[in-house]
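Which chain is which? The protein sequence lines are A and B, in order.
For the first sequence, full-length UniProt numbering begins at 1 and goes up steadily by one.
For the second sequence, full-length UniProt numbering begins at 1 and goes up steadily by one.
In short, the hints are calculated from the structure, not lab data.
Hints should not be assumed to be uniformly reliable.
Unchecked claim - Derived pair list, reagent style EDC-like, types lysine to aspartate or glutamate, alpha-carbon separation capped at 20 Å:
hint	chain 1	residue 1	chain 2	residue 2
1	A	K110	A	E53
2	A	K31	B	E171
3	A	K86	B	E35
4	B	K34	B	E111
5	A	K110	B	E111
6	A	K31	B	E111
7	A	K10	B	E35
To be verified - Distance ranges between label pairs, derived from CB positions:
hint	chain 1	residue 1	chain 2	residue 2	range
8	B	G223	A	G12	33 to 39 Å
9	B	G74	A	G12	46 to 52 Å
10	A	Q72	B	L50	46 to 52 Å
11	A	I123	B	F198	27 to 33 Å
12	A	G30	B	I57	29 to 35 Å
13	A	G37	B	F27	21 to 27 Å
Backbone N, C-alpha and C define an ideal beta-carbon position, used for all residues, glycine too.
One letter stands for each residue in the lines below.
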Amino acid sequence: MNKESGFQWKLGMFVIIGLVLFVSTIYFVGKQKNLFGSTFNLKSNFKSVSGLEIGNNVRFAGINIGTVSDIQLKTDSSVVVVFVIKDEVRKFIKTDATASIGSDGLMGDKVLTISPGIASTKIVEDNDLIASKIPIDMEDVMGSVKKSVDNAGIITAQLAQFTYNMNNGNGTLSKLMTDKEMAGSIKKSLLNLETTSNEFASFTNKMNNGDGALSKLVTDKKMGKMVDSTMKNIEETTKGFTEITEAAKHNFLLRGYFKKKEKAEDKKQEELDSKEEAELKKAMKMAEDSAAAVKK
Amino acid sequence: MIIYLKNTFNDVGKVSLFATRFFKEVFKPPYEFKEFVKQCYVIGYKSLPLVAITGFIMGLVLTLQSRPTLAKFGAESWLPGMVALSLIREIAPVITALICAGKVSSGIGAELGSMKVTEQIDAMEVAAINPFKYLVVTRILATTLMIPILVIFADAIGMLGGYIGVNMHSEINLTRYTSQVFESLAFLDIVPATIKTFFFGFFIGMIGCYKGFTAANGTESVGLAANSAVVTASLTIFIIDMLAVQITDLFF
């Protein structure tokens, strides 16, 4: 009897450990598929599910919170996706959340991602319908990648042309890059510019602080006033002078002289007029001749 | 040729009769419960070290062997999932069944064969004990129920071997490894593989018993019974495995 119970407990332990392992495996796999624990359903309409399958993960903020439980065609352009989500995350999902289909890595499974909304504060109910975003197809991505690759090709070709021109061309920019003489002359002119600016600096310094006439003219206020009064005096003097001339014109002694001057001026004018007329006639005649030649 | 065909049909017919007799007797009282428990101990518990070592080595070796191929694709992170899938779906059931075919089936064949040769079975009948019920039914039931449990142990220990295999080249902690394993598993991976093991167990027991029970008179026939039990059981395991995988593939 003693010996018998010796092997019996070993057998019991063996069987129980085996069964526990099996049951725990079933439990953990089931937990992965949300078969145990309280859950709730959400629905969303898609135009295309792009390869999403039943059992794919549902993510919210990057965390797996559930699985896709059903995918059904509703009309020819609408698919209803039902997904099971753990009850404990329900309080975070508001009614304006959106569902989108993405993929887990480049080659990985598709995942359904729920993104939170902004405005709503109402928590979703069981079997609610939430909005969907159009999934990004791999083909679209490839299309845009192709476009940018094409553009890159054009850009590099032009860049190559540009570099070639830079190395071998005769333009200013390429000269600037390659010509040694040009560099020398630029250096020289820069040196000249430097000396010029130095001179100019000392000049301005003198202008500001010197005692010469020019600097006084620029800086001294007294001198300015003096110049101003001188100018006024000159103006007054010229006024007086005009008056004197006018008076002289009417003076009988000097009238003769002025009349003579007027006459000489008139004559000069007449001569000029007749000269112009003659020239005009000449031109007209030449024009007529050329017209006749054309006719012939 | 005709004689060969006739012999084959004869054998298949005998095995079928043997199997139907088992199903008839298994539900009929009296039940030999004590003998059943003893056989479970011998078949299940005593085979555990052998199965454990095999499972551990299979997990370790499979991990190390698949690593270079996966590394080529930069998919080393899939290693735990891949090892778990191939162990649970195919390798652990078949290897465990083959080991048990070698250990259990040949044991049963030799034991029953020698009992038959030494006319102990006839003596049982004289003593009003149904030898079929006492010897055959208990053994077949024991293998049918113990092989699945042994396979579960092989799975678990194989996963441990895989964990060590993964850690030889890179580092992964046990929690992450376990979660990766369970992430890759679905019921479809576990359930058909488990159902399959019951059939493995049943056929291991039945072939061993049939070969022993129908051993001819003579000492050399004991060895023959043990030998042919191992060969036939191993072959049957592969055929059942193929059928099981095809049926699973057909329905899912």
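For each hint given before, does the structure comply? Return the numbers of the non-compliant ones in rising order. 2, 3, 5, 6, 11, 13
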